[in-house]
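Undergrad: So the protein sequences, as listed, match chains A and B. Sequential numbering from 1 applies to the first sequence in our numbering. Sequential numbering from 1 applies to the second sequence in our numbering.
There could be a bad hint or two in this list.
As a list, the in silico DSS-like pairs of lysine-lysine whose alpha-carbon atoms are at most 27 Å apart [what the hints assert, rightly or not]:
#, chain 1, residue 1, chain 2, residue 2
1, A, K25, B, K146
2, A, K253, B, K86
3, B, K19, A, K25
4, A, K257, B, K17
5, B, K19, A, K15
6, A, K257, B, K29
7, A, K253, B, K19
Residues of chain B clear of chain A, computed beta-carbon distances all greater than 10 Å [said to hold, decoys possible]:
#, residue
8, Q3
9, L70
10, T261
Derived by calculation from the structure, the hints in this document are not laboratory data. This one's a predicted model, so the numbers in the text were calculated from it and none came from an experiment. Note that the Cβ used here is the ideal one computed from N, Cα and C, for glycine as well.
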Amino acid sequence: MKITQELDKIYYFMKRDIISFSTYKTNILLSVVSALFGALSYAFWGSNASMTSVQNLGMPVVTYLLIGLAFNTYLSQSLTLVQRTINPWSLEEVLVSPTGLVTFIIGSSLWGFIWSTLVIVIYLSVGVFAFGVILSVNIIGTIIVVGLGIGTFIGFSMLGAGVLILTKQGDPITTIITLATNLFGNVLFPITVMPLPLQIISFFVPQYYFFTCIRPMLIGQGIEAILPDLAILGLMCAIILPAGYIAYSWCLKTARKNGTLSWF
Amino acid sequence: MQQEPAIQTINLIKKFKTKTATGKLFNRKTQSVNAINNLNLTIKKGEVFGLLGPNGAGKTTLVKVLCTLLPPDEGTAIVNGFDVVKQQMRVKESIGTLFSVGERGFFWRLTGYSNLEFFAAINNVPRKGRHERIMEVLKLVGIEEKAFVVFQKYSSGMKRKLALARALLPDPPILLLDEPTTGLDVTSSHTIRNFIKNDLGKKHGKTVLYTTHYIEEVSQMCDRVGIMNRGKIVALDTPDALKGMAKKGEVANFVVKNMSTTQVNNLRVLDGVSSLASEIQDSVLGQIHLRVRLENADTLSTVLDFFFREKIKLVNFRQEEPTLEDAFIELTGTGAGT
Numbered sequence: 001m002k003i004t005q006e007l008d009k010i011y012y013f014m015k016r017d018i019i020s021f022s023t024y025k026t027n028i029l030l031s032v033v034s035a036l037f038g039a040l041s042y043a044f045w046g047s048n049a050s051m052t053s054v055q056n057l058g059m060p061v062v063t064y065l066l067i068g069l070a071f072n073t074y075l076s077q078s079l080t081l082v083q084r085t086i087n088p089w090s091l092e093e094v095l096v097s098p099t100g101l102v103t104f105i106i107g108s109s110l111w112g113f114i115w116s117t118l119v120i121v122i123y124l125s126v127g128v129f130a131f132g133v134i135l136s137v138n139i140i141g142t143i144i145v146v147g148l149g150i151g152t153f154i155g156f157s158m159l160g161a162g163v164l165i166l167t168k169q170g171d172p173i174t175t176i177i178t179l180a181t182n183l184f185g186n187v188l189f190p191i192t193v194m195p196l197p198l199q200i201i202s203f204f205v206p207q208y209y210f211f212t213c214i215r216p217m218l219i220g221q222g223i224e225a226i227l228p229d230l231a232i233l234g235l236m237c238a239i240i241l242p243a244g245y246i247a248y249s250w251c252l253k254t255a256r257k258n259g260t261l262s263w264f
Numbered sequence: 001m002q003q004e005p006a007i008q009t010i011n012l013i014k015k016f017k018t019k020t021a022t023g024k025l026f027n028r029k030t031q032s033v034n035a036i037n038n039l040n041l042t043i044k045k046g047e048v049f050g051l052l053g054p055n056g057a058g059k060t061t062l063v064k065v066l067c068t069l070l071p072p073d074e075g076t077a078i079v080n081g082f083d084v085v086k087q088q089m090r091v092k093e094s095i096g097t098l099f100s101v102g103e104r105g106f107f108w109r110l111t112g113y114s115n116l117e118f119f120a121a122i123n124n125v126p127r128k129g130r131h132e133r134i135m136e137v138l139k140l141v142g143i144e145e146k147a148f149v150v151f152q153k154y155s156s157g158m159k160r161k162l163a164l165a166r167a168l169l170p171d172p173p174i175l176l177l178d179e180p181t182t183g184l185d186v187t188s189s190h191t192i193r194n195f196i197k198n199d200l201g202k203k204h205g206k207t208v209l210y211t212t213h214y215i216e217e218v219s220q221m222c223d224r225v226g227i228m229n230r231g232k233i234v235a236l237d238t239p240d241a242l243k244g245m246a247k248k249g250e251v252a253n254f255v256v257k258n259m260s261t262t263q264v265n266n267l268r269v270l271d272g273v274s275s276l277a278s279e280i281q282d283s284v285l286g287q288i289h290l291r292v293r294l295e296n297a298d299t300l301s302t303v304l305d306f307f308f309r310e311k312i313k314l315v316n317f318r319q320e321e322p323t324l325e326d327a328f329i330e331l332t333g334t335g336a337g338t
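Sequences are here, hints too, so could you generate the full structure?
TA: Okay, structure coming up:
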């Protein structure tokens, strides 16, 4: 496998997706407008709300909310990325080509990540330019946290896609992860506002560690401030990513063996 | 020294589990069906090989096994010298595949050119010279003028041609074409068949496995034809030799006058008559066309005696050469599209 050949393939996967995406102009406009309105709604609320539990974390509520909202969108996108590549017909065409599964997954996912990053920029720009949110990004720390978060969620996404390949409709993994993120993920409120039993559940949810780590990295704290949580996130990523890959490969292999790959 | 075959299957078996309703809620019976049943097949290099069979014969399953999409349950399949299970990447590099619903594998918002650009990249067509190769295959299938039109605006014929162009892109030695003319009009089908026979087969020496249930297609363009039924090859030879297999029976066409339904039924069960098809030729004149398959030439006199005895007037008589369709029906016990 030549690296340049695989990069070339990834480039053309991305080019394909950009061209397709750019033809849906109304959808692009609506996505941007939705992001702007969502950011404005939470920013107005956050700039006038008082949450002691948030202020105890050393940041204004609006900053807390916008970071949570922006990166939750990012993780939600990551969660469904692999599922969205399962077009049964083009999947067969790709699988009969000499292209490996890793190249296929990376290539099919890349544009989705780039677009999600643009949406994050919209969210954070609203906060910075309209509501005086002060961000001081620890670039290395942010890259590490985002990398581990994406890795974990791609693992979940592959797990969900694998289930979808077998069940054809209905992917419980994505639903469970989305629900868990909203309630236990430290996205829009700190878990300390919940009763203790629910707080304990949060400690088993990777999203909690992701959001606990990402906020300090965006307000200029050093990586040492998040090391224990980062270590747990890293451990979860190290388990979930390969587990997702193995599950996805197994489900794909099973569907091929049963001849049900294109039965959607 | 004997030349290595392009495609070879040895005792190949592919099973599918099917669930059938029993009439009770949540109670379904699971059965195992051999879609490919102990198949032994050898296709020579440079051969245009037709695989003919009724729906459900196992043709598409065989193509999917050969292109590595379906793993076989038992036996071996070798493509261009590579095992479809153990050397998947090498097999994929050796083949171009056109699936029976190939047009659904394209990206409808992209132009034909952009689609081929994508598939060229994932099929390892070198970046240098890729544009030229894309234009070359588009020209080969005759749609280069529509290269930059969005795929969703293509006609069915153009979509099929683009699917064929995609299969040709990496210039593979072996092409697996699964019902490439299904749903096409007569002109488009004719163009594609001529292209496969003359350009791919004769000019470029490609090995082509061509599956279809259209008998005339394989009769016109294939070097050899395999007739497949219930996952097995039931006959394999040149189209002419296969026609000969049907020759153990003679086919006679009669146009008769004033023959009742009872008389037609009596003729059908007459000794020496294998099968009989009848249709009204002229209702005003009371003429019926009978196509009678006879067990041998001697039976003809028995049929003529029957007409004489029953006072049926014979208007016209013609003996017919057996066709590939006769062989097909005899070997598979079913009809097929023509």
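Undergrad: Determine for every hint whether it applies to the structure shown.
TA: Each hint tested on the structure:
1. Our distance criterion of 27 Å between C-alpha atoms is met by K25(A) and K146(B), whose separation comes to about 24 Å.
2. About 14 Å separates the Cα atoms of K253(A) and K86(B), which keeps this hinted pair within 27 Å; it holds.
3. Taken as a hint, the K19(B) and K25(A) pair is broken in the structure, with Cα atoms around 44 Å apart against an allowance of 27 Å.
4. With a CA separation close to 10 Å, the supplied pair K257(A) and K17(B) stays within the 27 Å bound.
5. Pair hint K19(B) plus K15(A) does not hold up; C-alpha atoms about 42 Å apart against a cutoff of 27 Å.
6. At most 27 Å may separate the alpha-carbon atoms for a hinted pair to count; K257(A) and K29(B) meet this at roughly 20 Å.
7. Our distance criterion of 27 Å between C-alpha atoms is met by K253(A) and K19(B), whose separation comes to about 20 Å.
8. Residue-level check passed: Q3(B) sits 25 Å from the nearest beta carbon of chain A, beyond 10 Å.
9. For L70(B), the condition that its CB be more than 10 Å from all CB atoms of chain A is violated, with the nearest at approximately 6 Å.
10. No Cβ of chain A approaches the Cβ of T261(B) within 10 Å, the least distance being about 46 Å, so the stated non-interface status holds.
Of the hints listed earlier, those the structure fails to meet are numbers 3, 5, 9, in rising order.
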